[in-house]
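Residue numbers (numbering that gives the first Met the number 0), protein chains in the order written: chain L, 0 to 888; chain C, 0 to 113.
To be clear, the hints were calculated from the coordinates, so they are not data collected in a lab.
Note that beta-carbon positions come from the ideal geometry of N, C-alpha and C, so glycine has one too.
Check each hint, because a few of them may be wrong.
[Stated by the list, open to error] Far from chain L by the CB rule (all over 10 Å, computed), these chain C residues:
| hint | residue |
| --- | --- |
| 1 | H28 |
| 2 | L33 |
| 3 | A50 |
| 4 | L51 |
| 5 | E109 |
[Unchecked claim] Here are some chain L residues pointing at chain C (derived, C-beta under 8 Å):
| hint | residue |
| --- | --- |
| 6 | E28 |
| 7 | Q30 |
| 8 | M35 |
| 9 | F59 |
| 10 | C69 |
| 11 | G428 |
| 12 | R431 |
[Unchecked claim] Listed next, with one range per pair, are the computed distances between beta-carbon atoms:
| hint | chain 1 | residue 1 | chain 2 | residue 2 | range |
| --- | --- | --- | --- | --- | --- |
| 13 | C | L106 | L | L56 | 17 to 25 Å |
| 14 | C | R91 | L | A44 | 47 to 55 Å |
| 15 | L | R67 | C | R91 | 44 to 52 Å |
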Amino acid sequence: MSGRWAPRAQLRLREILFRRDVDEAIDEELQYHVEMRADQLAREAGFPPEAAKAEALRRFGNPVDYRRQCRDTERRRMRRGRMRSRFESIVQDVRFALRGALREPGFTAVVVGTLALAVGAITAIFSVVSGVVLTPLPYENPDGIMMVWEENVPRGVQTNVASPANYHAWLEAESFSDLAPFMPYSSTLTGEGEAERVGVVRASPEFFSILGIRAHVGRLFFPGEEDSEAQVAVLDHGFWQRRFGGDPAVLGRSVNLNGDPYEVVGVLPASFRFEPPLAFNSTGTEEVWLPLSTDPSQRGRYLQVLGRLAPGTTRDQADAELDVIAVRYEDEADSNAGYRVNVVPLYEQVVGESRSLILILFGAVGIVLLIAAANVANLLLARATRRERELAVRIAIGARGSRVVRLLLIESLLLGLAGGAVGVAVAFGSVRMLLALGPEIPRLGEVNVDGAVLAFAFVVSLLTALLFGVLPALRAARPNLGEALKEGAARGGSRRGNVRARHALVAAEVAMSLTLLAGAGLLLRSFQTLLDEGVGLETERVLTIDVQLSGNDYSDSERALFFEELVDRVAALPGVASAGGITALPLSGMGIGTSFFDPDQPLPEAGSIPVADIRPVHRDYHLTMGIPLLNGRIFDARDGADAPTTVVISAATAENVFPNINPIGRRLSMPWGDTLVAEVIGVVADVRHEGPGTDVRSKLYWDHRQFQEFSFMTLVVRTTGEPTALVPNIRREVQAMDADLPIYNVRTMEAYLSDSVARNRFALLAFAAFAAVALMLSVVGVYGVLSYAVSLRTREIGIRVALGAGRKAIGRMILRQGAVVAGIGLLAGLAGAIALTRLLGGLLYGVSPTDPLTFGLMTALLFGTALAASWVPARRAARTDPASVLRGE
Amino acid sequence: MPAQLEKVPVLQGTLDMLILKTLAWEPKHGFGILRHIEQVTGEELHVEEGALYPALHRMHHKGWLEAEWGVSENNRRARYYRLSSEGERALRKQVKDWGRTVRVISLVLEGVPA
Numbered sequence: 000m001s002g003r004w005a006p007r008a009q010l011r012l013r014e015i016l017f018r019r020d021v022d023e024a025i026d027e028e029l030q031y032h033v034e035m036r037a038d039q040l041a042r043e044a045g046f047p048p049e050a051a052k053a054e055a056l057r058r059f060g061n062p063v064d065y066r067r068q069c070r071d072t073e074r075r076r077m078r079r080g081r082m083r084s085r086f087e088s089i090v091q092d093v094r095f096a097l098r099g100a101l102r103e104p105g106f107t108a109v110v111v112g113t114l115a116l117a118v119g120a121i122t123a124i125f126s127v128v129s130g131v132v133l134t135p136l137p138y139e140n141p142d143g144i145m146m147v148w149e150e151n152v153p154r155g156v157q158t159n160v161a162s163p164a165n166y167h168a169w170l171e172a173e174s175f176s177d178l179a180p181f182m183p184y185s186s187t188l189t190g191e192g193e194a195e196r197v198g199v200v201r202a203s204p205e206f207f208s209i210l211g212i213r214a215h216v217g218r219l220f221f222p223g224e225e226d227s228e229a230q231v232a233v234l235d236h237g238f239w240q241r242r243f244g245g246d247p248a249v250l251g252r253s254v255n256l257n258g259d260p261y262e263v264v265g266v267l268p269a270s271f272r273f274e275p276p277l278a279f280n281s282t283g284t285e286e287v288w289l290p291l292s293t294d295p296s297q298r299g300r301y302l303q304v305l306g307r308l309a310p311g312t313t314r315d316q317a318d319a320e321l322d323v324i325a326v327r328y329e330d331e332a333d334s335n336a337g338y339r340v341n342v343v344p345l346y347e348q349v350v351g352e353s354r355s356l357i358l359i360l361f362g363a364v365g366i367v368l369l370i371a372a373a374n375v376a377n378l379l380l381a382r383a384t385r386r387e388r389e390l391a392v393r394i395a396i397g398a399r400g401s402r403v404v405r406l407l408l409i410e411s412l413l414l415g416l417a418g419g420a421v422g423v424a425v426a427f428g429s430v431r432m433l434l435a436l437g438p439e440i441p442r443l444g445e446v447n448v449d450g451a452v453l454a455f456a457f458v459v460s461l462l463t464a465l466l467f468g469v470l471p472a473l474r475a476a477r478p479n480l481g482e483a484l485k486e487g488a489a490r491g492g493s494r495r496g497n498v499r500a501r502h503a504l505v506a507a508e509v510a511m512s513l514t515l516l517a518g519a520g521l522l523l524r525s526f527q528t529l530l531d532e533g534v535g536l537e538t539e540r541v542l543t544i545d546v547q548l549s550g551n552d553y554s555d556s557e558r559a560l561f562f563e564e565l566v567d568r569v570a571a572l573p574g575v576a577s578a579g580g581i582t583a584l585p586l587s588g589m590g591i592g593t594s595f596f597d598p599d600q601p602l603p604e605a606g607s608i609p610v611a612d613i614r615p616v617h618r619d620y621h622l623t624m625g626i627p628l629l630n631g632r633i634f635d636a637r638d639g640a641d642a643p644t645t646v647v648i649s650a651a652t653a654e655n656v657f658p659n660i661n662p663i664g665r666r667l668s669m670p671w672g673d674t675l676v677a678e679v680i681g682v683v684a685d686v687r688h689e690g691p692g693t694d695v696r697s698k699l700y701w702d703h704r705q706f707q708e709f710s711f712m713t714l715v716v717r718t719t720g721e722p723t724a725l726v727p728n729i730r731r732e733v734q735a736m737d738a739d740l741p742i743y744n745v746r747t748m749e750a751y752l753s754d755s756v757a758r759n760r761f762a763l764l765a766f767a768a769f770a771a772v773a774l775m776l777s778v779v780g781v782y783g784v785l786s787y788a789v790s791l792r793t794r795e796i797g798i799r800v801a802l803g804a805g806r807k808a809i810g811r812m813i814l815r816q817g818a819v820v821a822g823i824g825l826l827a828g829l830a831g832a833i834a835l836t837r838l839l840g841g842l843l844y845g846v847s848p849t850d851p852l853t854f855g856l857m858t859a860l861l862f863g864t865a866l867a868a869s870w871v872p873a874r875r876a877a878r879t880d881p882a883s884v885l886r887g888e
Numbered sequence: 000m001p002a003q004l005e006k007v008p009v010l011q012g013t014l015d016m017l018i019l020k021t022l023a024w025e026p027k028h029g030f031g032i033l034r035h036i037e038q039v040t041g042e043e044l045h046v047e048e049g050a051l052y053p054a055l056h057r058m059h060h061k062g063w064l065e066a067e068w069g070v071s072e073n074n075r076r077a078r079y080y081r082l083s084s085e086g087e088r089a090l091r092k093q094v095k096d097w098g099r100t101v102r103v104i105s106l107v108l109e110g111v112p113a
């Protein structure tokens, strides 16, 4: 074996000297041949010496050529030999490392398991980073695609839907080669099969050309088609499969939406996905696309606008150009006061908000990986000490330090790769679990463990292996030979060094764990605050059901009567405590809004008129939802279609418009169609319409009988028992009134509430999981390093006990050591956590990123756990039997 | 020398076989191998003598031959080649292939098995 360990550089030097030897040897060989031939010719054929030599050379051929050929062969031979010996020695190291790993299955399992957990977690999160953040949007030249919004500067609304009038004004801008408005909604699909609610998007024909989408079957819209009489539809691929079985003969057939037939002209490709940034009353999937036509004289805002930047134009230039246009049309209408334009890259629009969450999680899981690496480094250092003699023997018999380093690094790489391989399996499982959690992140459909993700796992495994392998390998290469080889040496200098390195690693683990624990703690407190604050509703046992009347079948007054009767029928069902309805349910997305003012006071300046959400409701809505009445009354029989108009306002509205005045009996005016004026009859408590943690906005509640534009209502039903048990009965009541009417979006308020905090819950769960792993690893680290320290000091402790030291004092001594290591880690961790928790920013609610309570609790938790982990080795130390120690180890 | 015009040229690829066969008797240096072939064939075979050496080095690289410096019959340093067991296997295979080639070609040329 020692021969294999011969220093390589020496071999290499010998080779260089050899190369000249080899050349000379070839010359000698060829020379010998020619001389022998000349000799033979002179002897046997009677050639004179000179002629014999010439003849021999002639017969030989071109010696330069042959010499070169021989030399090339020899060079190849040398190269091969060099590579073979290197390869053989690496194979030998790998074999040795594998044998070692199998000899200590427990150790190997712990290391591989730790790494698999960490690599698996970071790979899973990376698959999200890759699918959501790194992969460009699946459109043609996606960088040039923008969303164009109106921006309400005074009210700080940055992405407001646009009015057709203003969209038409934008069309003259040169910074866009195309602009395409679109509008998602939903319709009732009738015809073959059961009536159902489908998501519909009306979009201008340029919409698809901006995205660079081509039809899978048939065609998409023609330019100008929106203004023609043609009623055409393009189907989503999934809808085509579901409803038409993927039949290409679908072209020319028609789909009935809200009673109107549309001719199918095309089907979108299966890969096509587009989630409208704002979805009003949508079913969540966009299934049918219709051409959208817009009227340049309309000033109501309802359009979302997609744009393609002209070549060579930047977002900023486009934004500036549209702002100039906005300043020009600002004076044309009061409704444009204070409005500018905001151009947002589509990527930012889709990914922007989630990106910070994803990157934060990636950072957090990166910390977990570092902790795992520190832990493994710790284990390797401990093992290196056990192997000190073996390695020292190798070096003593001539292995160079670099060769030992290589062996140890190979061991680390094998462990890393094994961990990575198991980690990939962990990642597959984690990704599935993560997707099942439904964390309200866009583009989740594009997340999977693909080649890029596997490559990432591979590289991370290798880097992690280097990270945890380098320190132990370098330390092992410089052993104190004399000490290590001495029989029974227990207190080698290198061991003391190892202990210091291991204490530093454990302190670092504690520090990093504190950062994660603090993050998890802050997210938990935020989540708790969100839930405690709630939305101002009693969400338990409330069932909600969407009902959309077909526009052709009912007149305005018939619609109001229909909803009146439906609510009455439902309220009469057994198991129903009360029932009501609203046009835009809290937590279900956006609703409509308008400006309003007190007509009995001087009119506020244009642009500073307050705005409020308008919510036509069925009169028992507030009662059913548990929204407290603060003043006056809610709607009742007195507020019918022909009665004087009345309005119920929210507390925020009252405060804005009638500060220090009793609002009951005052009037409110709102420019809605023909300006409406209504008497305030009641004040109800505020509701956070967009979910926990969002701003309270002013609300104006109308009795739906006095506000008949809506053919849509969400029934809200408070039940005495399990809400969903009532669904069949309610469906029967609806179908008794209109057999073609589908009910949809059947959900509970609890489910809406749960969805509205899905992002926060996801962040919390992920952080809690990471923090738990970090805590566990740190505990193992503290325990391991102290156990080891105790085992090194057995002799010293034995002597102390023999000399009369109290067992309690011994235990305290070890505990103190644990406390010092944890304390140093906690101090460093506090500094790190204070710096890092600020990054959580948007995920925190109602709690400061440096909340002292959270920091205090988490520090105490970590310190307590560290002490508990120290207690076991401390007790072992305290029980040391001096007699057995002193008799001989 | 007019006689040389009648010499048979060494067929492409058969030089290796001749060398291996020669070395099958005993280890030899390059010139010795050549002399052996000349004596056995009565100098009827023509080969450019230098071409022997690249062939020897190549077969050494392949592991068919072992090489070592020794002292020649005239007391000079010479490089001796010896057949390895791999070389023996290669020789057996080449002889077999050669025999088949000859039989096939004879069939065509003479219409009877050689």
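Going down the list of hints, with the structure as the test:
no.	hint	in the structure
1	H28	violated (7 Å)
2	L33	violated (8 Å)
3	A50	violated (7 Å)
4	L51	violated (8 Å)
5	E109	holds (35 Å)
6	E28	holds (5 Å)
7	Q30	violated (10 Å)
8	M35	holds (4 Å)
9	F59	holds (5 Å)
10	C69	holds (4 Å)
11	G428	violated (50 Å)
12	R431	violated (54 Å)
13	C:L106 with L:L56: 17 to 25 Å	violated (43 Å)
14	C:R91 with L:A44: 47 to 55 Å	violated (37 Å)
15	L:R67 with C:R91: 44 to 52 Å	violated (32 Å)
Consistency with the previously given hints fails for numbers 1, 2, 3, 4, 7, 11, 12, 13, 14, 15, ordered from lowest to highest.
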